[in-house]
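Peer 1: Construct the complete structure from the given sequences, taking the supplied hints into account.
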Amino acid sequence: MVSPTDSPRLSQEISTNVTVTPALSTHQLDGAQTPSKHLVLTDQTNLLPFRTIVTVFLGLASCVVVSSLDSVVVATALPTVSADFKAGSVISWVPSAYFLTSTAFQPMYGRLSDIFGRKATLIVAMSTFVVGSLAAGFSRNIVELIVFRGVAGAGGGGILSLAQIIMSDIVSLQDRHGIIGTVTATANAIGPPLGGALAQKASWRWCFWLNVPIALASMVVVQFALPLKRVQGDIKGKLRAIDYLGAALTLAGCALIILPLIWGGVTFPWSSPTILAPLISGLFVVALFCLWEWRGARLPIVPMTGVLIGMFINGFIFYSSLFYLPQFFQVALGFSPIRAGTFVLPVPLGLSVANIAAGFIVSRTSRYRVFIYSGFALWAAGCAGISAITPATPKGLVVFLMIISGLGAGMTQQTSTIAAQASVPRRDMSVVTAMRNFTRLLGSTLSIAISATMMQVPFNFMHTVIMTAHSNNFLRKSMAALHISAAAASTVVDNPALLGAGGNTTTLAHLGVTRADAALVLAGGYNAGFRYLFVLHACLAGAAALVSFALVQEKSLLRGDEEALKRDARDAGLAVKLAERRRKREGDKAL
Numbered sequence: 006m007v008s009p010t011d012s013p014r015l016s017q018e019i020s021t022n023v024t025v026t027p028a029l030s031t032h033q034l035d036g037a038q039t040p041s042k043h044l045v046l047t048d049q050t051n052l053l054p055f056r057t058i059v060t061v062f063l064g065l066a067s068c069v070v071v072s073s074l075d076s077v078v079v080a081t082a083l084p085t086v087s088a089d090f091k092a093g094s095v096i097s098w099v100p101s102a103y104f105l106t107s108t109a110f111q112p113m114y115g116r117l118s119d120i121f122g123r124k125a126t127l128i129v130a131m132s133t134f135v136v137g138s139l140a141a142g143f144s145r146n147i148v149e150l151i152v153f154r155g156v157a158g159a160g161g162g163g164i165l166s167l168a169q170i171i172m173s174d175i176v177s178l179q180d181r182h183g184i185i186g187t188v189t190a191t192a193n194a195i196g197p198p199l200g201g202a203l204a205q206k207a208s209w210r211w212c213f214w215l216n217v218p219i220a221l222a223s224m225v226v227v228q229f230a231l232p233l234k235r236v237q238g239d240i241k242g243k244l245r246a247i248d249y250l251g252a253a254l255t256l257a258g259c260a261l262i263i264l265p266l267i268w269g270g271v272t273f274p275w276s277s278p279t280i281l282a283p284l285i286s287g288l289f290v291v292a293l294f295c296l297w298e299w300r301g302a303r304l305p306i307v308p309m310t311g312v313l314i315g316m317f318i319n320g321f322i323f324y325s326s327l328f329y330l331p332q333f334f335q336v337a338l339g340f341s342p343i344r345a346g347t348f349v350l351p352v353p354l355g356l357s358v359a360n361i362a363a364g365f366i367v368s369r370t371s372r373y374r375v376f377i378y379s380g381f382a383l384w385a386a387g388c389a390g391i392s393a394i395t396p397a398t399p400k401g402l403v404v405f406l407m408i409i410s411g412l413g414a415g416m417t418q419q420t421s422t423i424a425a426q427a428s429v430p431r432r433d434m435s436v437v438t439a440m441r442n443f444t445r446l447l448g449s450t451l452s453i454a455i456s457a458t459m460m461q462v463p464f465n466f467m468h469t470v471i472m473t474a475h476s477n478n479f480l481r482k483s484m485a486a487l488h489i490s491a492a493a494a495s496t497v498v499d500n501p502a503l504l505g506a507g508g509n510t511t512t513l514a515h516l517g518v519t520r521a522d523a524a525l526v527l528a529g530g531y532n533a534g535f536r537y538l539f540v541l542h543a544c545l546a547g548a549a550a551l552v553s554f555a556l557v558q559e560k561s562l563l564r565g566d567e568e569a570l571k572r573d574a575r576d577a578g579l580a581v582k583l584a585e586r587r588r589k590r591e592g593d594k595a596l
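Here the sequence shown stands for residues 6 to 596, numbered as in our numbering.
To be clear, the hints were calculated from the coordinates, so they are not data collected in a lab.
Honestly, I wouldn't trust all of these hints.
[Unchecked claim] Only pairs whose alpha carbons sit at most 20 angstroms apart, straight line, appear in this in silico SDA-like list of lysine to any residue:
#1 K91 - E149
#2 K124 - F229
#3 K400 - K560
#4 K560 - S276
#5 K560 - S371
#6 K124 - G142
Peer 2: Below is the structure:
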């Protein structure tokens, strides 16, 4: 037990805790630790008393709200942005640019936080995100919007990971589940209707500006309320230790694979050298990255602990659904942006309920594996049902299917973080957390590219991939069959909402498209693409359930030293309370 007279010193030690631990390995070729003369990686574990955790949590929660709210708000507003810029054929680049840079920079944030400290790295990520979001709101054309979303993604990619890493530093593994996940789910819940309201009642630009004041306030809270250990080592050694080549290979590999997936069957035929050359090159670069991380990197971005297949599929399904459900409701069902956002709302609400329930049960039982595979199975059922939605489907059934999908997603999302962190020693926890989010973001990035292609080239997708040299866009082909001009077809592709029940009949008439023709194209093209997309989601979720059941292992959530760390935190908290009481008594006596 700690005496009251020691409380000022102890509370300061708990807050900053600059004690330096021995250096960790900087050469991890065989998993052994080898001391380094040039670089010290500080163990930044710093379990805090409850009162301090509450303050820290508020700062981290505000950061997570910024990151999570951004994606869902922007997703609902995309049809409005598409119509404003007349850029439906390239609108998928807006989310793709964000996820491309997020995915590429994601693995670096875990390692950068080890080298430079959690707080400094989080502030840099937030600042980059603010600059990109502010500029995106002022975009004058679709190209500027795509570029600035890429800038925002470079910062946004690290916010959630760093929040999870910091929580792993200050809260024990058994107790931390659900804390950050609940905040993420809440932001996901309010995002769709908020994005729809901004797009319909104000301007879609506010979807990007909205997060700027929240992010700035979050940075202030993080700077002054986040007590973390300081890292040791000289700046030159830290700069030399960064895996620049690994980061460059990550960015190049992602770009070379994602770009042809966006272009294929839409801008260029799949058999075109413009598609095949970067796709093959991207696979080669990914192989080089794996080889470099295994044998060459001084301080690898990613310890080779395995591939998180479930998280890749989770990201693929979740973000593809996030971006295409609001669009489907607006285009195919004729909903307003606000109503479309409201009908998407049951997904994040179900996710929130499942996340909170799973977190409570995991903290009590230390069992997380069952939630992962059963969640994917439930998600598969929900996606299968969504694939059958038509304008005649009862709205109550639509809401039920949204809830089922949200429950399945919520059961898998945060339990996977626990599974990843429980499988490695504490020294690798920050990088494995970043790797978990990297695989999820990689899945989301590829999903936007592949989904955009499927929505525009829906019928017999694999056959279209092979035969697309003859026709690289089914929607254009179907409109050509109705003797609709190429110019009119381009206008419809750029603004698919024209096809829906809420489409402007006068505009269609000027294009030479009758309402009957629009209905045929909508039913045979857009709706078919949506149906096949969610059939793919159901198949992937089912595969993830099987993979999780077979490969995910149950690990103990108790670390050998966590009880001692918790005891120290409790003692420090009690010492602070006693010191405060003593100072109050002395003040009363002085009066």
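Peer 1: Each of the hints needs a verdict: does it hold here or not?
Peer 2: Status of each hint after checking the structure:
no. : hint        : in the structure
1   : K91 - E149  : holds, 14 angstroms
2   : K124 - F229 : holds, 10 angstroms
3   : K400 - K560 : violated, 42 angstroms
4   : K560 - S276 : violated, 46 angstroms
5   : K560 - S371 : holds, 9 angstroms
6   : K124 - G142 : violated, 27 angstroms
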